[in-house]
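Q: Below, each chain spelled out in residue letters.
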Amino acid sequence: MNTFDPSRIKLDFPILQRTVRDGQKLVYLDSAATSQKPNSVIQAERDYYETCNAAVHRGAHQLAEEATDAYESARVAIAGFVSAAPSEIVYTKNSTEALNLVAYAFSNATALHRASGNPPQDPRFILTDEHNIVVSEMEHHANLVPWQELCAKTGAQLRWIPLTDDGRLDLASLDSLIDQNTKAVSIVHQSNLLGTINPVVAVMERAHSVGAIGIVDACQSIPHMPVRIRELGADLVVWSGHKMLGPSGIGFLWGESEILDSIPPFITGGSMIEIVQLDHSTYAKAPKRFEAGTQMVSQAIGMHAAVEYLTALGMDAVEAHEHSLTGYALDQLANVSGVTVIGPTENVARGSAISFTVDGLHPHDVGQVLDSRGVAVRVGHHCAWPTCRRFNVPSTTRLSTYIYNDTSDIDAAISGIVAAQEFFGVI
Amino acid sequence: MNTFDPSRIKLDFPILQRTVRDGQKLVYLDSAATSQKPNSVIQAERDYYETCNAAVHRGAHQLAEEATDAYESARVAIAGFVSAAPSEIVYTKNSTEALNLVAYAFSNATALHRASGNPPQDPRFILTDEHNIVVSEMEHHANLVPWQELCAKTGAQLRWIPLTDDGRLDLASLDSLIDQNTKAVSIVHQSNLLGTINPVVAVMERAHSVGAIGIVDACQSIPHMPVRIRELGADLVVWSGHKMLGPSGIGFLWGESEILDSIPPFITGGSMIEIVQLDHSTYAKAPKRFEAGTQMVSQAIGMHAAVEYLTALGMDAVEAHEHSLTGYALDQLANVSGVTVIGPTENVARGSAISFTVDGLHPHDVGQVLDSRGVAVRVGHHCAWPTCRRFNVPSTTRLSTYIYNDTSDIDAAISGIVAAQEFFGVI
Amino acid sequence: MDLNGLYQEIILDHYKHPRGKVVLEAPLASAHHVNPTCGDEVTVEVAADDHGHLVIGYQGQGCSISQASASVMAELLEGASVDESVSVREAFVAMMHSQGNSEPDEDVIGDGVAFAGVAKYPARVKCALLPWMALQDAEIKAGLMAPKEETR
Amino acid sequence: MDLNGLYQEIILDHYKHPRGKVVLEAPLASAHHVNPTCGDEVTVEVAADDHGHLVIGYQGQGCSISQASASVMAELLEGASVDESVSVREAFVAMMHSQGNSEPDEDVIGDGVAFAGVAKYPARVKCALLPWMALQDAEIKAGLMAPKEETR
Ligand SMILES: Cc1ncc(COP(=O)(O)O)c(C=O)c1O
Ligand SMILES: Cc1ncc(COP(=O)(O)O)c(C=O)c1O
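Respectively, the protein sequence lines represent chains A, B, C and D. Read in order, the letters of the first sequence are residues 721 to 1147 in the working numbering. Read in order, the letters of the second sequence are residues 721 to 1147 in the working numbering. Read in order, the letters of the third sequence are residues -13 to 138 in the working numbering. Read in order, the letters of the fourth sequence are residues -13 to 138 in the working numbering.
It is worth saying that the hints were derived from the structure and are not from the lab. Since we're looking at a predicted model, the values are computed, not measured. Possibly wrong hints are sitting among the right ones.
Stated by the list, open to error - 27 Å max Cα-Cα, derived DSSO-like pairs, lysine-lysine:
#	chain 1	residue 1	chain 2	residue 2
1	B	K1008	D	K7
2	D	K127	B	K1008
3	D	K2	B	K1005
4	A	K1008	C	K112
5	A	K1005	C	K2
Claimed, not checked - Covered stretches of chain A (chain C as the covering partner; in silico rule of three or more C-beta atoms under 8 Å from a C-beta of chain C):
#	region
6	991 to 997
7	1037 to 1049
Yeah, the Cβ is synthetic: ideal placement off N, Cα and C, and Gly gets one too.
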């Protein structure tokens, strides 16, 4: 295997060759929001449109055959990337849709059950106001708001696993939080704000011990580390393509076939049916059951190229690279007076998203000074507003790395932070 | 204005230069399923990834500014294409999602109302088993199955406007079908199977006279004719990008702001919120309210190029071109013995999708013989199975044209049909 | 494209002159399968004679491939043992999933070899398999064979 | 990039030394606005003196732009008539939506001209507008002006 060389990898990403803010080199440290795309991904989409664009699973002509084949080969590759079977992978538009699909499994099953009980619904998805759903205090809004809405619709109660001061799940009360009335437990694998990597296996085990469905939000882990999906111990796992070199507009739901086939349809329409009568319909099995309408075909094909790119690098190497870069960044940040990292400061069970505040400066202003120097970071609550409140900050500045970053990018961020302190006269 | 020249237009579509089935010229007559994409659309997506890919509405850095600007400029262009205001355009992954968003407006409002009544829901969207929903017998599954599911969840009744033998809406019983208990009326503007263009204004007027929400499925009309969206008389209109030169993975919901803002959120998560607390959240106004998660940004930008391409051709010219091509195709088909057109045979209030059967031949076999000659058509029930049943056919063969087709493409299809008859020995 | 390779004479012959397209008097079980894309349907009925050999009937409507396949299957498996039907089906399914790269054994699948060319057309593979999957289902329902995971 | 063009001295000065950041004793109404992206918040309170002139107070937390904007606004509009506040706001909003291509009138918007550079940064425009939109809301709630459609 070649040694891991971000400076060579960078050459595969056209956008990283551009300059920003009057000719400065772009230092992209916002990959936790969305990653950049290598040539091969951009080219795969283009090739698709130039050679075999057609509606999939529908036509009998050669283009349709080729498009269907490319679309399904992509599923095989994406499944392989996480050691799953292709039939267990559902394409969605993003992980947010995937999490909603899961939350709607409960509200739809409950509504169908209450209305007529026909077709009969799987009791695991039927809720009453005696039941509860458990998330954590570090969830992305995508893994919080759908559950709030579910609870508002069914009367079920929402509970949160609290956090410790160093940004870890506080599991002391896990056994009382997750009880006999718990129907779903949905937890982020790696926090996009704190960087924490959670012990999802233990949480999923507790969920299963009370018969609850276990869900893992792997948006920030699958792009950054090797994941054998069954080893997470969950029933359902979601993630997004755009955070792992893929195009925008595609996300994934993985589930055991037995579970997926027990979930009532979410978005209904063409291609997900078995037989349609005027007054009622029957539905295909998963994954088709959840892929109504004309699908994101070019996006699936772009994703195929993305997982091939990552596989060629080796996910072990990606993880090792990011781990050392994270250690370097944490060390450098510790050297800047006035900087407080929100989240684990020890480089153990933590990923590469690092949130911080700077005394006397608002995160937005820090981000602006960094931007003025060509350094792209994210500021705000990072769609995890309750997590900010837990740490008594209105927002943070976050730097997040990926395969194309190296220590010089971290250095640029650090000098930007110091420049911000100087500009605003706080040091 | 230049005269409309499909042979010149064809040059803008790389895929139309390819050959199929051992070196034969590709004759693409399946645009009702999905259209092909011109260079400018493919290039727009590529440019986006190569120059300003970033998460929109979230970052403070230059890439995020540029991406947000491109994303919102696309909305302005798409809105302009149908004479709407940008704030009235919601991006979805396809029109199927858009129709589900609308159907879920009713099931979610009903569930929230029943559970707690807090926040209070708009009574227009609250259903009981006394209410009914009206569609037609020529709906695409995307405008049928979501309403079936809604009825199954709420106890409401589903009703259908029947069809005449020549494939038109039979409006004789409209006033009894749409009654005081009707809460929604959802009708296709142009049928993808029959080609019929429906008098949606009259149907929407009747819907409004009883206080029902009026919805139009414009998937097959907006790509093919000039549409000033308010002139359809509907409250909500849906259509897809991929059928009008745009990328896969993007669709649209148009609605009056007053209506959109009365609809409870559908897919929830990041970017659609106002304030998120651990136990509840408040939501942004439309269109953001319905655009949770990382969006289909490159797809919106590709769409921008698509509407610019169509605008440069002029939608009046597009409509005129297709109208004359449809007339030519109907005439030619009438000359082939054994061919029966399913749908209007008169070239009045009809679009360019033409379904037919051939005596003694199965539609699948007709399509296969056409394919063997490089002619790509669609066979099957075209996601309108109940419409097939209405006309006592298990399926049809369908040819559908667009801006890049000319009479030579129709001729190729006609000789293919005759060749199929010869091959199977039915003439 | 080689239309004759796809629609071999045997296929056209079975399509025009279907064998075994009968309704059984006392079926043990029947299975109705539909291709959700094109609406093709086939209903396969099974019974067993005194020696435990298969008695097969079917009805259907659909394209030449699905209907000829049903006819070939009915002719081939009428009077076969359940075990034979399983191994013939497995051979036929394997050929259909070979994308046209297999050397089918005429001794095993008889007229079924005519479908080798169909395996090159993914959209038609489902048509050819439709009656075979329905038969499998009917055999399971009739208690003639245990349910097992097989390629759909 | 010209950091000094964005963060003009006037802005930094108002940020560090906010004017009018007070809690009113008897406000007629108050409005709490939040920027949902970054969590910046401002609460603006209004009252009217005996002549119907505005009395303004505010509290807030957020970036230099949003907080300096609140301070500039409070200083500028304290004691103004409601009509004046409307025309000043309209001028300020127009400048912020000009993408940096306007010639703001210092006679109308006073220290507000310092925000001309901010208009070039779309992500910061919302920060600058936050307190102005809250004031408008408070004026409407207080019955000082009729609700009207204005750019958000
Ligand atoms: C009339 C009509 N409605 C709805 C749809 C569904 O569109 P999509 O598959 O893009 O969601 C289609 C196309 O497939 C259509 O032709
Ligand atoms: C942890 C986590 N969950 C969910 C999401 C939502 O992903 P998307 O916006 O692609 O739907 C994100 C990213 O925004 C995330 O970081």
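Q: Now tell me if each hint is right for this structure.
A: How the hints compare with the structure:
1. Taking the CA atoms of B/K1008 and D/K7, the gap is near 32 Å; set against the 27 Å cutoff, the hint is violated.
2. Note on D/K127 and B/K1008: the hinted pairing holds, with a Cα-Cα distance of about 25 Å set against a maximum of 27 Å.
3. A C-alpha spacing of about 34 Å is found between D/K2 and B/K1005, which places the hinted pair above 27 Å, so the restraint is violated.
4. A C-alpha spacing of about 16 Å is found between A/K1008 and C/K112, which places the hinted pair at or below 27 Å, so the restraint holds.
5. Only pairs whose Cα atoms come within 27 Å are accepted, and A/K1005 paired with C/K2 is rejected, the gap being roughly 34 Å.
6. Residues of the region 991 to 997 of chain A with a Cβ under 8 Å from some Cβ of chain C number 3, which satisfies the need for three, so the listed coverage holds.
7. Counting residues of the region 1037 to 1049 of chain A whose C-beta sits closer than 8 Å to any C-beta of chain C gives 0, which falls short of three, so the coverage hint is violated.
Violated hints, in rising order: 1, 3, 5 and 7; the structure is consistent with all others.
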